[in-house]
Each structure stands twice: as structure tokens, then as C-alpha cells.
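Protein chains: 4
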Amino acid sequence: MIKVGIVGGTGYTGVELLRLLAQHPEVQITAITSRTEAGLPVSDLFPSLRGRIDLKFSTPDDAKLTECDAVFFATPHGVAMAQAKELLAAGVKILDLAADFRLQDVKEFAQWYGLEHSCPEILAEAVYGLPEINREAIKKARVVGLAGCYPTSVQLGLAPLLSQKSTGGSQLIDGTHIISDSKSGTSGAGRKAEIGTLLSEASDNFKAYSVKGHRHLPEIVQGLKAIAGHDQIGLTFVPHLTPMVRGIHSTIYARLTEVGMSVDYQALYEHFYQDEPFVDVMPAGSHPETRSVRGSNGLRVAVHRPGNGDTLVILVVEDNLVKGASGQGVQCLNLMFGLPETTGLTQIAVSP
Amino acid sequence: MIKVGIVGGTGYTGVELLRLLAQHPEVQITAITSRTEAGLPVSDLFPSLRGRIDLKFSTPDDAKLTECDAVFFATPHGVAMAQAKELLAAGVKILDLAADFRLQDVKEFAQWYGLEHSCPEILAEAVYGLPEINREAIKKARVVGLAGCYPTSVQLGLAPLLSQKSTGGSQLIDGTHIISDSKSGTSGAGRKAEIGTLLSEASDNFKAYSVKGHRHLPEIVQGLKAIAGHDQIGLTFVPHLTPMVRGIHSTIYARLTEVGMSVDYQALYEHFYQDEPFVDVMPAGSHPETRSVRGSNGLRVAVHRPGNGDTLVILVVEDNLVKGASGQGVQCLNLMFGLPETTGLTQIAVSP
Amino acid sequence: MIKVGIVGGTGYTGVELLRLLAQHPEVQITAITSRTEAGLPVSDLFPSLRGRIDLKFSTPDDAKLTECDAVFFATPHGVAMAQAKELLAAGVKILDLAADFRLQDVKEFAQWYGLEHSCPEILAEAVYGLPEINREAIKKARVVGLAGCYPTSVQLGLAPLLSQKSTGGSQLIDGTHIISDSKSGTSGAGRKAEIGTLLSEASDNFKAYSVKGHRHLPEIVQGLKAIAGHDQIGLTFVPHLTPMVRGIHSTIYARLTEVGMSVDYQALYEHFYQDEPFVDVMPAGSHPETRSVRGSNGLRVAVHRPGNGDTLVILVVEDNLVKGASGQGVQCLNLMFGLPETTGLTQIAVSP
Amino acid sequence: MIKVGIVGGTGYTGVELLRLLAQHPEVQITAITSRTEAGLPVSDLFPSLRGRIDLKFSTPDDAKLTECDAVFFATPHGVAMAQAKELLAAGVKILDLAADFRLQDVKEFAQWYGLEHSCPEILAEAVYGLPEINREAIKKARVVGLAGCYPTSVQLGLAPLLSQKSTGGSQLIDGTHIISDSKSGTSGAGRKAEIGTLLSEASDNFKAYSVKGHRHLPEIVQGLKAIAGHDQIGLTFVPHLTPMVRGIHSTIYARLTEVGMSVDYQALYEHFYQDEPFVDVMPAGSHPETRSVRGSNGLRVAVHRPGNGDTLVILVVEDNLVKGASGQGVQCLNLMFGLPETTGLTQIAVSP
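Line order of the protein sequences matches chains S, X, F and A. Numbering of the first sequence is given in full-length UniProt numbering, commencing with residue 1 and proceeding in unit increments. Numbering of the second sequence is given in full-length UniProt numbering, commencing with residue 1 and proceeding in unit increments. Numbering of the third sequence is given in full-length UniProt numbering, commencing with residue 1 and proceeding in unit increments. Numbering of the fourth sequence is given in full-length UniProt numbering, commencing with residue 1 and proceeding in unit increments.
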């Protein structure tokens, strides 16, 4: 059994990790920390876990995290990098659900997150946690910075178009003017007392936010450059808040190059993802729905070319708390410990 | 492996059965029928099942249901009773999610459901599918008429108060004037094209329905009489439609007798359900939420006595599609085939 | 034009007052205060009012409230009573949307609201703001303590059964064991940053709360006693949170006395409310929906007697922010200033 | 008083017309027709209108529509064109909420709507009902084909960028590759018994639809060409279904030309719409919300230029049933009958 600790388990990625890990056959949750809730049984805070998790929140000091095999950080950014060094020294593998180990450029990190990176040397060895792109590196990693929720959907939506693996170096699309119009449920905003995401405010309502620049923009661009193998990437990324709890739907627009005009994209996508257990290329003409993956680790993608013109429209859905966060975390954990990648991740979506 | 067939798998109880049975380690789904969708892959109708169920809908004639070990009816009432005789003759066990085998009184059945019962002799041997009350009978049953969604919540909410087992024959409450104010999500209305349950009609809205008499009323009363061991039962049952998908919340009001005034109800409920894997008596003062059991087979109950007066308030929550229908069906299936009762039913609620 | 000030206009009753008063032909809003938002244009906080309200929030000190003809308090309890004396001295009429002037018994106020009443002498002259019951007193009042949202629905639902006016002193129901199972949208919880009413928490969810005792209980009981003209009133009141924004639905259960068994309740209700502009007695057999009054000052009531038995079921719907709060406030304002009662309150419900 | 008839008043645009017209000081509704509901009081079908509309549905034959001054068609396409000739001959003005008089090209109409146009000569004189673009022509029109819901949002979002009036012939954007990613509430799908828009299906869910081509695409393109004064327009239009009742949010992406790089778009938009009563250009940096216009005839637009790059992002919100349909109809009616344009359209949005 892998002994797993969770730092900061009081948010939505925390409770989702608990749901998944409690059903994972090879994991034992040995510690879960929260400064604010120390002493409280986990199932008092999250009644959905009554009878399934028999643990109390402990303070970070009492948690004996160094005795774990792996520790998840389900915390705001800035926490994981403060504790990483000690954990690594104790031989503990780290999976960060926040942004501390996502952006390789410390200046960019400082610019978007408003604080200096405290362990650039660990950042240098950290692996970006997006298994469909980075599987082999994740297997060997000591530190994984898990891909963000929006970035997972946009990168996996575009990977077949940009990857050297599938395009053989041809530019199929104009990578400098990609658009991702992305929509998220409110759980993406976290379990925080805020007026803007009250049911009274956010239901029967729809709006964009952060149009001038969202923190996930540099992460996505970094990832697309890596996938493409070049730096000629430009992205307009507009996130929106949708009156639902779970789910991200990214609608991605890309303009074809002349070379790109003669490609069969349905075949390209199906081939690219043929061996992926969690990526499902939908039949031609499909419109995937977020609820079709609710509660599961699946991501679904459909590729359209309206009017056979020069604009591709790629539709991607995922559950932001599973494939966009905690499920992806478990997927990486499986890879890091040599388990079959789908272990503990076979939940079927709950629908309706 | 138990070979299971499903008749009429295009509704919400059907897709929920598929979700549960596809993850059940001892079941093989061998047939699923639908006249209207025959030939269609199940996962085309229910994209949440893509990659998990590799079956097509077949016509009832092609389905070879007589080769199954057990057949679920996830159909409107009237279908199961028409096919029961042939299936029983072939040695197939029957679990009906509709009402054909719930009401023992054929006159009452005719009155509430508007058609004559076509096989009273099979009805006579049918067992009411509510394991917490009827476990031993279910184990031996060939035909189980699964308890309805509302009836499950009301009967399990009241059983500790009425059962000879716990009350030793004392009347703790005035059983002649029980009130159940019950609220259901819209999935209880089924997957039917109707205006009243459109999102545009039912969201941001709340209403009662069928106040003059709902079909579940005679079923609940029959069940409460059986639990109580006497006929002095009167119930006012008012169902309401709530703008959510899954979940039933029954708020039950019962007036205490003089004997009943001195009982510790928290202890009574905890003791009554101490060995039940799916019934969770909440700590004193709790207000269980429907989402805490969403997607799981759990039912939660809390008992209150406001102002220490003579009125008990019992709060019960369940997922109407799981413990209120398909999950209860699997629970009964497990009992009928000698499996541990929780087999395939260990899903943790999806929350948020 | 009546010069109106609003103290504490940053909550939902505040913005709803603004919506109604901005369209009121006889009112000029001259001041709106908020300590936290002083200096901010009202339409920056509430974009729905852009172009319709050209006012900034001011501090209570700058607001010159004493120059108003009437002042609404859309504040937490405790604020109105602190400022009432000075306003009354300046000849300003007071309408309090909070609880400071609802409960006549200062001990009860202290017990339920946790603070001493600071001006019992003003409380003594305050009139309870429920026009259908108290119309004449409101016309002459200097201080009106507006009825709460739940209390409005329960009292108007029961008034025909309890009122001397309609019953002529007969007890039609057992007033000592009334049950009100009430459901509210989340706007009733106010515009407050709290986790429990986040969309991620409260949507697709249903729960009871405050079963052991809600602050509206003593208010309702006080009101029912006044309506009945005697003290033999007992109420079990269970509020529930429904995943919608606006609306209250109270389902009220009352047991008939022998005298009550022979009464035509449809006729009784229709007669009782025949002249009321905002109370609509629905046709026999109706199930009123909350959305049918959304955004309007209407309250709808239907009376049922299932199975012609001895239990009456009364269904009441209202918009908690309009008839349950700000609309009722405007209705009282009209009465206090000699205007037709419906002035500025003719909005038709928004549906769907 | 203008005598107004409504053909086909049983859908959402019908009930919304009734809500608006019942409060319109210069309109008398004299007839409302429905073949299926003939004889039924309007307020029985739409309880929100109880006490406000005292009319019954009549058959088209009994309705004496030729005695009206104006007739609205709130019907599926194909109905208005069948009755237009007779009504015009009787001197009745026609406002069609469906598509019969939107597309000037009868071939295009046949292609997208699947039927031949039956009165091309009337189509030739019909005016497109989008007052901000076509005000003078609407004033003189006998037949108005009201702009569709999505088309209103996209055209008004783009008009300042394309209009000769504001651009003086310069191409500020590449008009051949415009993208509109549009999101609608479910009321846009109409009051029809369908499975896809059940609350159980559409809530907590998000999906695109009709990516290969939606009927509003040719309408929008026709309109944009007219606004631009040239034919070099290409649009990728992707509509999405959002789990809410009312509201459209269009997120529009346009690439700037070199000339366009030096323009102040905030000023351009504010100037273009400075005299419009129903179009509100939001302050720079705003993210308008659909609920801020819910129930009102307002449309709000914000223009962004992320990173000061070459891609403009225009955000547009409207209530699809008001500015996107029935409110726009009333606005056109006012123009056609010489009334102030805002008559009967001063409702403030209902929020929360």
C-alpha cells in the first residue's frame, strides 16, 4: 500500500482526492492536514465521506508527512514550494495541485502569482503533470506540478494539431492565433466564501471573466510550445463562469494553413489518442456534454470543420475536479509508483 | 457471473442500473431491450457509458431473456406482469422497478394504476423489495417488487418508530395522523418529453403536486402497516418538485403518545439501524443534505424533537435513482444470489 | 413626491427596494447608505440598475436621513432601533425590513436575537407590517416592523382558518398542533459571503435547517395568536433551503375540529381574500408555483383536503424578496402616505 | 390604443409578449390564437398572468385578426407568410418573431428552413427588425421580420466595427474570419416537450450544438454584410446550451487590420451607441452578466483587447426573450406607430 498524505484537504480538490483515494485499492491515506480544521473528523466537514474516511484533520506539524510515500498539495499556491525540500529529503514524492511547479520560468511565475519562487532548483526538476503528453517523465519524477483544469482541456484539445508526433513537423494550423473560449462550473472557483459564486449570484447567469489575462494563459502557452516543439504560439484565452457545479467545456478555434486544408482531422485525432485510456475522441459530428464525464476521469474531444472551411472547431469536455485536478493527480500517482494507470480511476460518470 | 437482462433500459432507472451493474464484479449484462431504440448501441443513447458498456438495445423478442439468471424491469407499470410468467417458468428471477408487484391488493392496484392485474398468483408470491425491512424474504424470492423512491424514504424514516422489533408493541406515535412532506428532484419524473419538467419550467421554481393523492400513498401505507403489525395507520403525503436532478428529502412529522414522550429517539434510531450498511443515522441535531448521498446507495436519517415537545420531525435523504430505485435493485439482486449485500454498491457520493 | 432614504442598501432586500422604488411614480430616492461602499455609485454594485439609479452610497452620517419623509432599514437587526428615535423626532416615518420592530415581547427578542432591545417605548407603538391583517393600523403608523418572509406566507396561509372575522369564534382547526413545512430560495440567506450558499454547495441539493428553532417561529406564533384572538397556538416550523434564487413555498398542515369538518374551505378562503389586491386564492385543486409570482408582489394560496379527511393542506407561494420583504415594504409605504395600495407594485411575474 | 393580435401565443415569446403588452400604456390586446388551446383562458396556461390578462385563446378563424392594427406572429416559421397577404390587405401591420421575413434570399430561406417561401413579393418589402440598425425603415414598414436572438447579439456586438458610419470605409477588422462563440439559456429552445432540454438533462451540463451550421448563421452574415456595406464577411458561429433559463452571452473574436491597430475601441463603441436607449456600452474592462438584463430590454456590450494585441474580444449580453425577441418586437411596434421607442419597455432587470 502506498502511504499518502494530503496537505490542505478542505477544498474541492481535497474532498475529490479523498473520494478517489478512499476507493483506490493500493493507497492508504495516512494524513490529511488543515490548520483551520485540525481535530475535526474529515467526515464532519464532508458528510459525503461518512463511513468511508475515518481520519481527522491534523496540523501540518502533527501530520508526520515525512513518513508518507507521497504527498498531495491541495492548497493555494505558495504552500507546496515551502515544504518541498524537506519532503524530498525524506524520500517523499510530491504532487502539487496548485501552480508552484507548473511554470518553468520563475519570472513568469512571479509576474502572474505575485510572489517569488522559493525553490527554483526543485522547480527545475519538476515534471508537468499531464500524462498524455509527459507520461515517461512523470514515471520518473519526484515532483509533479499537476496541469491546471483549463490547461488540461486546451492542451489535450490541441495536441494532435501541434504535436511533432502527428504532424511530422508540418504546421497544420496558424499557431500564432489560436482562440480558446472556455467555460467552467463554479467548483473551479474553489470552496471559498465569496459573494460572486453564491447560488443567488451565479445561477441563471453567465459571464466571462479575466479577459485581460488569466493565470492559466502562460501555463497553456508553455505547454503548447512544448508540444509543438517551437515558440510560435499565440493564444487568446477567455474563461467564462457557467451556472453548474462541475465541468469544463473548451471551444477551441484554429485556422488551417494551406498544408492543413487537406488533412483528415477525425482520423488524426483518433490515431493520436488511440491508446489513451482517459481520452475519448468522439465520432464525427458529435457535441460532447460535460455531464457525460461528471465524476469520471474521462476527457472527450470532438473536432469539427464547419462548411469545410479553413477554421477548425475543437470541443473538449472534462470534469474539472477529476481529469482537471484530483483524478489527474491519481493518474500521475499511479505512474510514479508503477501501477496500472487506471487503478482507482474506473468510476463511470454520474448521469443524469 | 450472474447473467442479467434489463427490459426497457432507456429511462433514468435503466441508465443508472447500467452504471451500477457495469461496475459490479459478479454480474454480466447479457441483454438490454427497447422497442424504440432496438439496434442502437447503448452508449449512443447514454454517452456517459461510452467505453464501458458494449451492448446494443435489442427487441424484447431477440433478447433471449429466458437465458438470463435475473431480469430487471425498468419499464412503465404493466410490462413486468405481462412477461413474468414466462420468465419464471424458465427459472429467471425477476426484479421490477415499476409498481406491478408492490401493492398486494389487486383492487387497490386497479384503482391507482388504472388497469387490472394480469397475474395475481405471481403477485401473491412477490416480495416487497425493501431489504432493511424484508431481508430474509428477499433472499428466497423469485419475484421482487422493488420499493418506490418516496416509499423507501418514508418507510425507513418511520420504521424505528413503528416496528414491533423496537417498540415492543407500544405505540410511540399516533400512527393515524402521520405527515410526510416529501421533495424530489426532477429525475423522479423520468426521461420523458414533457413540458412541466423542462429546465425552463422547473428551474428556479418549486411546487407541490398530486396533493389529492399520489400513487405512492397506498404503497407507503401498506408498508407502514406491515412494519407496525396493525392497521391503524393514516398518512398525509404531499410530494413536491424541487429544481435539482437527483435526490429525495422527506420531512416526516409524527405526534408522540404519552408513552412516546419518554423515549430517547436518537438511541432508538441508532440501535434499530446499527447493522445496516446503507442506512446512516446522523448525529443528534443534524440536517442531512441530499447531495451527501448523490450517486451512492446510502440513505441518511436524522430525528429531531423541536422544543422537546410532542412532535417528532424526521429528516430522510436518499438518491432517488440509487437507494430509491436501481441501487436498491442491485442490493436485492445481491441478496437473491447469496452475495454480500454491498457488492458493487460501494460508490462514494459525488460532492460537490 | 415622497422623499425616501434607504439605510444599508447593499443586500438583496436593498437592491429589490431600489428596483421597485425606481419605478414608483410617487417616490424619489434621496439617500442610500452603506458604510462599506460609501462613495460607490449604486449601479457599480448592482449593474441591473445602470441607467436607472443615479445615486452613490453615502455614509449614514452624510445621508441627511432626517430630511427624508420615510426611511427603510434594509440592515441586519439592531440597526433600526439604534436610529429610530432621532428619525422619529425629525418627523421621519420608519419601515424596518429587519426584526427590530416585529416581536412585541422584548424578552423574546433578546432570547432569539441575542441582544437587548434599545427602545422598548418605540417598539410599543410599532405596527406589524402585514397589510392584509393590519391595514388600518399601518395607515396611521410612524414605525412599521415589516413581516418576515416565512411569516408572511404562514400567516396569510392560515389567517382565514383562524380569524375571528371568518370563523366567528369557532375553532375550525386544532390551533395547538399546526405544522408549516416551508421552503425558501437562497436569496433568503442574503448577500453574504458564506460557503453554505455557494452554487457549488447549494445547487442540486436540498436540506432542512434550524429544525430545533428558527427566529421566525416566535414571530409567526405571535402573529397567529393576534389573528386568532387567543393564545392556544402551537406551531412546528421547519424551514428548508431549495436550490433556487427567489421564492418561498409553505406547505401548511392543520387538523380539523369536528366543527371544522363541515366547512367549505375553498369558499372560506375566496371570501376572506376577495378584496385583496395581492392575495390570489387559486381554484380548487391547484398547485401554485413559486415562479408564477417571481418578481411580483403577489402571494398565491391553495387549500386542499386530501381524501376529504380531517387534515387540511394549504399551499402558499410568494417571492421572498417582494411580498416577503421589499414589495411588502412599498405596500406599507403606500398605506402610510395615503396612496393607492398598489402604486408602483404592478409588475407582472417574470416567467419563464 | 393600438389593437394588437397575437398568433400562436402558447410559447415563451408569446407569454413574454403578453407580459410586456399587458403593461404597455398604448396597447390593447384584442386577440390571441392557438389551435391547440382554443377556449382556454390565457391565465390558465400561464399562471403568472392571472389577474392581468382576461382573454381566452381563440382559433385563428375566430380571432378577427383583420380588425387589429398590428399582429404579432409568435409561431414556428411558415405561419406568418401564409397569413400575411390577407392581413396586409386589411391594413394590418405584421411583426413576425419567426424567420419568415428575415432572409431576403428565398433560396437561402428554402435551404435553411426546408420550405419554399410562399410570398416573395411581401418578403421584398419586409424590413429587418433590428432598430439600432434599421430604425427609419422600421418606422415606415408594414411587415417587420424581427431579428433572431443570437443575431441581435452578434450584429450589435459587431456593428461599431463594421459600420460605414463609424469606420468611414476603413476595414478595422478582418471581416472574413469573425468568430462568435455564443451561449444561450434553454428558453431559446422554446416551450416544447423534448428530452434534451429537460432539467434532468440540461442542468449541471454544458454543450455546443449545431456546430456544422445553425439557422442563425445566414441571418447574421446577411446582417453584417448590410452593416458593412460589402460582402467580404465570413463567420464561424458556434452556439452552446447553458444551464439557465434566460440570457444570451456572445463572445466575439475579431482580428484587427493594421489600420485597426491604432483605434480606441472603447471610444468608438461609446460614440456609436451614445443615443441608443437599450444598448449600454460598459466601462472598459467590464464583464457584463446575463442576469443584469434579465427581464429587461437592455443589451450590454464590452470591448476588450487582451494584451493590447491584434485580437478584439467583444462581450455581449441580452435577455433572449426580451431584446432577443418580444421586447424587440414591442420596440419595433412603438416605431411603427409613432410612439416613443421606450414605451412599455422600462422594466428594470430582476436581480438577483
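A hint or two may mislead.
Identical chains share a label here; the pair holds if one copy fits it or two copies do between them.
With a straight-line Cα cutoff of 30 Å, these simulated BS3-like cross-link-like pairs (lysine-lysine) come out [to be verified]: (1) Lys212 with Lys140; (2) Lys64 with Lys225; (3) Lys212 with Lys165; (4) Lys56 with Lys165; (5) Lys107 with Lys140; (6) Lys140 with Lys3; (7) Lys212 with Lys64; (8) Lys56 with Lys192; (9) Lys212 with Lys56; (10) Lys3 with Lys165; (11) Lys3 with Lys225; (12) Lys192 with Lys212.
These aren't lab readings, by the way, just hints derived from the structure by calculation.
Status of the hints after comparison with the structure:
no.: 1; hint: Lys212 with Lys140; in the structure: neither (37 Å within a copy, 43 Å between copies)
no.: 2; hint: Lys64 with Lys225; in the structure: neither (39 Å within a copy, 55 Å between copies)
no.: 3; hint: Lys212 with Lys165; in the structure: between (33 Å within a copy, 28 Å between copies)
no.: 4; hint: Lys56 with Lys165; in the structure: neither (47 Å within a copy, 35 Å between copies)
no.: 5; hint: Lys107 with Lys140; in the structure: within (26 Å within a copy, 62 Å between copies)
no.: 6; hint: Lys140 with Lys3; in the structure: within (18 Å within a copy, 43 Å between copies)
no.: 7; hint: Lys212 with Lys64; in the structure: neither (42 Å within a copy, 41 Å between copies)
no.: 8; hint: Lys56 with Lys192; in the structure: both (21 Å within a copy, 29 Å between copies)
no.: 9; hint: Lys212 with Lys56; in the structure: between (42 Å within a copy, 28 Å between copies)
no.: 10; hint: Lys3 with Lys165; in the structure: neither (36 Å within a copy, 44 Å between copies)
no.: 11; hint: Lys3 with Lys225; in the structure: neither (35 Å within a copy, 51 Å between copies)
no.: 12; hint: Lys192 with Lys212; in the structure: both (23 Å within a copy, 28 Å between copies)
Of the hints listed earlier, those the structure fails to meet are numbers 1, 2, 4, 7, 10, 11, in rising order.
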